[in-house]
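Use these hints to put chain B onto chain A, whose structure you have.
Chains A and B supply the protein sequences, listed in that same order.
For reference, each letter of the first sequence is one residue, going 60 to 555 in this note's numbering.
For reference, each letter of the second sequence is one residue, going 60 to 555 in this note's numbering.
No lab work stands behind these hints, which were simulated from the structure alone.
Please note that a few of the clues may not be correct.
Since the list gives no way to pick one copy over another, a pair counts as held whenever it fits inside one copy or between any two copies.
Below 25 Å or equal to it, Euclidean Cα-Cα: the simulated DMTMM-like pairs (lysine to aspartate or glutamate) are [to be verified]:
#, residue 1, residue 2
1, K71, D96
2, K162, E269
3, K162, D279
4, K71, D116
5, K65, E155
On a predicted model such as this, the values are computed, not experimentally measured, just so you know.
There are 2 protein chains.
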Amino acid sequence: MNPMEKLRTLQKKLYSLQYALAVMDFDAQTAAPSGSDEGRSEAMALLSDMKYQLLTDSALPELLQQAEAMELNVQQKAEVRELKRLYKETCCIPAEEYSQFTKLTAKAIGVWQKAREEDNFDLFAPYLEEIIAMRRKMAGYFDASKPAYDVWLDQYEPGLNMEQCDEFFAQLRQVISPLVAKIQALGAEPAPAYLDAEWPLEAQRELSLELAQLMQIDLDHCAIAESAHPFTTEFYKGDVRITTHYDQRDVTNNLFSIVHEGGHALYELHTADRLQYTCLASGASMGIHESQSRFYENYLARNLAFVEHLWPTLQRLFPVQLQGVEPESFHRAINRCEPGLIRIEADELTYSLHVMVRYEVEKQLMDGSLNVQELPAAWNKAMKDLLGVDVPSDKLGVLQDIHWAGGDFGYFPSYALGTAYAAQLFAKMKEEVPVESLLRKGDFAPINQWLEERIWKYGKEKLPGELLQDAFGEPFSSVYYTDYLKEKFSHLYRLN
Amino acid sequence: MNPMEKLRTLQKKLYSLQYALAVMDFDAQTAAPSGSDEGRSEAMALLSDMKYQLLTDSALPELLQQAEAMELNVQQKAEVRELKRLYKETCCIPAEEYSQFTKLTAKAIGVWQKAREEDNFDLFAPYLEEIIAMRRKMAGYFDASKPAYDVWLDQYEPGLNMEQCDEFFAQLRQVISPLVAKIQALGAEPAPAYLDAEWPLEAQRELSLELAQLMQIDLDHCAIAESAHPFTTEFYKGDVRITTHYDQRDVTNNLFSIVHEGGHALYELHTADRLQYTCLASGASMGIHESQSRFYENYLARNLAFVEHLWPTLQRLFPVQLQGVEPESFHRAINRCEPGLIRIEADELTYSLHVMVRYEVEKQLMDGSLNVQELPAAWNKAMKDLLGVDVPSDKLGVLQDIHWAGGDFGYFPSYALGTAYAAQLFAKMKEEVPVESLLRKGDFAPINQWLEERIWKYGKEKLPGELLQDAFGEPFSSVYYTDYLKEKFSHLYRLN
Numbered sequence: 060m061n062p063m064e065k066l067r068t069l070q071k072k073l074y075s076l077q078y079a080l081a082v083m084d085f086d087a088q089t090a091a092p093s094g095s096d097e098g099r100s101e102a103m104a105l106l107s108d109m110k111y112q113l114l115t116d117s118a119l120p121e122l123l124q125q126a127e128a129m130e131l132n133v134q135q136k137a138e139v140r141e142l143k144r145l146y147k148e149t150c151c152i153p154a155e156e157y158s159q160f161t162k163l164t165a166k167a168i169g170v171w172q173k174a175r176e177e178d179n180f181d182l183f184a185p186y187l188e189e190i191i192a193m194r195r196k197m198a199g200y201f202d203a204s205k206p207a208y209d210v211w212l213d214q215y216e217p218g219l220n221m222e223q224c225d226e227f228f229a230q231l232r233q234v235i236s237p238l239v240a241k242i243q244a245l246g247a248e249p250a251p252a253y254l255d256a257e258w259p260l261e262a263q264r265e266l267s268l269e270l271a272q273l274m275q276i277d278l279d280h281c282a283i284a285e286s287a288h289p290f291t292t293e294f295y296k297g298d299v300r301i302t303t304h305y306d307q308r309d310v311t312n313n314l315f316s317i318v319h320e321g322g323h324a325l326y327e328l329h330t331a332d333r334l335q336y337t338c339l340a341s342g343a344s345m346g347i348h349e350s351q352s353r354f355y356e357n358y359l360a361r362n363l364a365f366v367e368h369l370w371p372t373l374q375r376l377f378p379v380q381l382q383g384v385e386p387e388s389f390h391r392a393i394n395r396c397e398p399g400l401i402r403i404e405a406d407e408l409t410y411s412l413h414v415m416v417r418y419e420v421e422k423q424l425m426d427g428s429l430n431v432q433e434l435p436a437a438w439n440k441a442m443k444d445l446l447g448v449d450v451p452s453d454k455l456g457v458l459q460d461i462h463w464a465g466g467d468f469g470y471f472p473s474y475a476l477g478t479a480y481a482a483q484l485f486a487k488m489k490e491e492v493p494v495e496s497l498l499r500k501g502d503f504a505p506i507n508q509w510l511e512e513r514i515w516k517y518g519k520e521k522l523p524g525e526l527l528q529d530a531f532g533e534p535f536s537s538v539y540y541t542d543y544l545k546e547k548f549s550h551l552y553r554l555n
Numbered sequence: 060m061n062p063m064e065k066l067r068t069l070q071k072k073l074y075s076l077q078y079a080l081a082v083m084d085f086d087a088q089t090a091a092p093s094g095s096d097e098g099r100s101e102a103m104a105l106l107s108d109m110k111y112q113l114l115t116d117s118a119l120p121e122l123l124q125q126a127e128a129m130e131l132n133v134q135q136k137a138e139v140r141e142l143k144r145l146y147k148e149t150c151c152i153p154a155e156e157y158s159q160f161t162k163l164t165a166k167a168i169g170v171w172q173k174a175r176e177e178d179n180f181d182l183f184a185p186y187l188e189e190i191i192a193m194r195r196k197m198a199g200y201f202d203a204s205k206p207a208y209d210v211w212l213d214q215y216e217p218g219l220n221m222e223q224c225d226e227f228f229a230q231l232r233q234v235i236s237p238l239v240a241k242i243q244a245l246g247a248e249p250a251p252a253y254l255d256a257e258w259p260l261e262a263q264r265e266l267s268l269e270l271a272q273l274m275q276i277d278l279d280h281c282a283i284a285e286s287a288h289p290f291t292t293e294f295y296k297g298d299v300r301i302t303t304h305y306d307q308r309d310v311t312n313n314l315f316s317i318v319h320e321g322g323h324a325l326y327e328l329h330t331a332d333r334l335q336y337t338c339l340a341s342g343a344s345m346g347i348h349e350s351q352s353r354f355y356e357n358y359l360a361r362n363l364a365f366v367e368h369l370w371p372t373l374q375r376l377f378p379v380q381l382q383g384v385e386p387e388s389f390h391r392a393i394n395r396c397e398p399g400l401i402r403i404e405a406d407e408l409t410y411s412l413h414v415m416v417r418y419e420v421e422k423q424l425m426d427g428s429l430n431v432q433e434l435p436a437a438w439n440k441a442m443k444d445l446l447g448v449d450v451p452s453d454k455l456g457v458l459q460d461i462h463w464a465g466g467d468f469g470y471f472p473s474y475a476l477g478t479a480y481a482a483q484l485f486a487k488m489k490e491e492v493p494v495e496s497l498l499r500k501g502d503f504a505p506i507n508q509w510l511e512e513r514i515w516k517y518g519k520e521k522l523p524g525e526l527l528q529d530a531f532g533e534p535f536s537s538v539y540y541t542d543y544l545k546e547k548f549s550h551l552y553r554l555n
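Pulled out of the complex, with its shape left as it was, chain A reads as follows (with noise of 0.2 Å):
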């Protein structure tokens, strides 16, 4: 075997523990039974283990090297980029404090879930003290020319830094802001009463298919799941699995769930086959990601074109509930801004505020201007600056999240990242696709073919400023975002 055909060998080996590990964590999440998690956690830390023998491997260095220089083609040559990172990132941190990290982030999730439910932040603090101590001093082995927080920033979204991300959130502060303001003085609008109804869970397992049709899902190839909080995961191209969680009370959170995730598995599905069984056979960063999810959910489902085809499934499905509803009145609903204490169930426009105040915390803890003790002050102060609400307990306020209890720092500039990518896309496509009247005729086959095209048949070949600039014809700019955002919200509440 030739130095490319070994790394084929061994990044097939990848393949196969990860996938296993990822099975064991999307079956621990939809079907497990309650008591299982310490069997479960022995095993996944062993086939872990072995992925980590696989990637410290003493002959990889060489291996890598003859590889390079052979004559590859752009693939390959991404393979060897892509198996240079996972070694590097591997190699450099002893395993003894992986495995320390492993396991203390293990257990700061539970603790975490307990301090959240019973709103006590001092059982959490010495937890996340370590878990930032620790990140700290990672970063330190990752490249110790750099800022801490830099390091993790590039994890998620290779190549960004805090100077990207203090530029692109003052731009969004600046537009987000004084909208805000203005839909505020015009006083509080009501949820209408309808959306308080009993949404019958037989009829939104019925939407959740019709909604996967309709966006082209492969259900072949897709499984739709129940979680307590939804997720998209990948085993392989030929099988995502998308879940999502059913509230009785409220058919908006399934809806667009299912589109969110929708949105994560066709990228998922459509990598190129020529990428099947490398480290490029899944989606190019976080912040990509994300863009794809929220193109579907933001761009596209919220749109009145979408709803205005969808109206007449919704009618069926819950003939009392929308009786007399016009598809006005719910793209109104379902575009009702209104700043609020919780991330997940913020709207539209206040969406990326959110993230501001997580980017500005995360930013100081990193760099030690900030301690744990002092977060959930800077947090609640934080809250006020850019939302204008008063935050009345940490588990409304700092201790909402889980990805600080499971070392993530640095992943949330990617979710305003991958929704102002979004609406670059949605720019750029709307240039050669007639977006709103496909919408309205409920075929999306243009649509996600031009995103094959651009983004998804791609996969980790390319980094995502390539990745990015290729599809844009131009580098990537916040102000299609901004502009999406005043434009709808200025139309929606007749700003001007």
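The following block gives chain B in isolation, referenced to the frame of chain A:
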């Protein structure tokens, strides 16, 4: 690490790979989208190969020898014994042939499904011929001094051979055939009309949970899922899964599936904690496992005392369907004897005759005295001889079971043997535990405890022969089974 500690590390790695393979198989049968086989097969083949590499490690024989030279306790001795067996079984087959066999049977299962659907034995015949040829060759690798079929009987039930099976089945036939003849002489007894009804799925699902609770199956460690064919799988003793299949037109199908699979599950849920993560941490053999499932299905759930206890629950869940029906009528209906064509639909009395048909033709296929072309005729003749029925098509005859397509020869006898083990357990238990009065009260604790103490907790630590001898206080004898059948069916059909 000393040799025994090294073997523990090996066992834990085997555990984690086995865990992953079991979850992937369970997921495939319960949750996976229809088109997801390809990538799963690739991943499973690679994980199986990792297991193969661990078990054929050239350092293993010496490690096992070193461990044997240590002072070992009973469990450690059993671990070494089991690892030696695994090493021997894995090493003796050339890797290439093993992989060829895996691919052949994977393909053959698809062909068998098609052949059964189309009632076309010729389609399946060439695959079956190749499987038999490979199985005969592989038996030679295991132990060239024994007839091939003895090798395979011993695989599923350590210690079993044709001599014992011949004697066992002769004893069964001597009792069962005259009983069946006497019952048939009484004339056909149709199933009661009320069974032919709509049995709502929601109520059937609730019945599953009620049955599991009644059997004291800990649902924190055992989940119930749905699949085309019911089965039980264990990831470890803290995570067991049973599946059932709901048939809107048949309530007994699900009822007995849950009780049968529940018996398998109780066994796995109660292996001793000290066996966890070792190769001893699951049931002792196919026959012993089947003895537990049959114990609950036949000896307990087909007992009038059980039906009487369950009656208020059944009446509550199916008030219309069971209106005016007495438990005695239902008990009679679920014990109706009627020779038929399909093994998995057979009643308690004729079940072992179906096994005998398979035993007779398997034996001859393995020693070469019957060739595949002659198989359907031999099958039909055996069905006529043993059950008195005419087989109208291969679909309802020789093509009904999946086992041979999967390469499983010598598996069927363990079904009958397990049922006979259970009869002896039932007789011995009744000497110490008032089984029927406990069933009438719905108190399974003393029953479960008796089995846990004698069977469940040992896992694979004892070999089947020793395990049964210790549990019975005497050697296994088929007389308990034949006496039970004689008494039960003489009483039901008033034959005396």
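Hint by hint, here is what the structure shows:
no.: 1; hint: K71 x D96; result: between (28 Å within a copy, 16 Å between copies)
no.: 2; hint: K162 x E269; result: neither (41 Å within a copy, 38 Å between copies)
no.: 3; hint: K162 x D279; result: between (37 Å within a copy, 23 Å between copies)
no.: 4; hint: K71 x D116; result: both (15 Å within a copy, 21 Å between copies)
no.: 5; hint: K65 x E155; result: between (28 Å within a copy, 20 Å between copies)
In this structure, only the earlier hint numbered 2 is contradicted, and the remaining ones agree with it.
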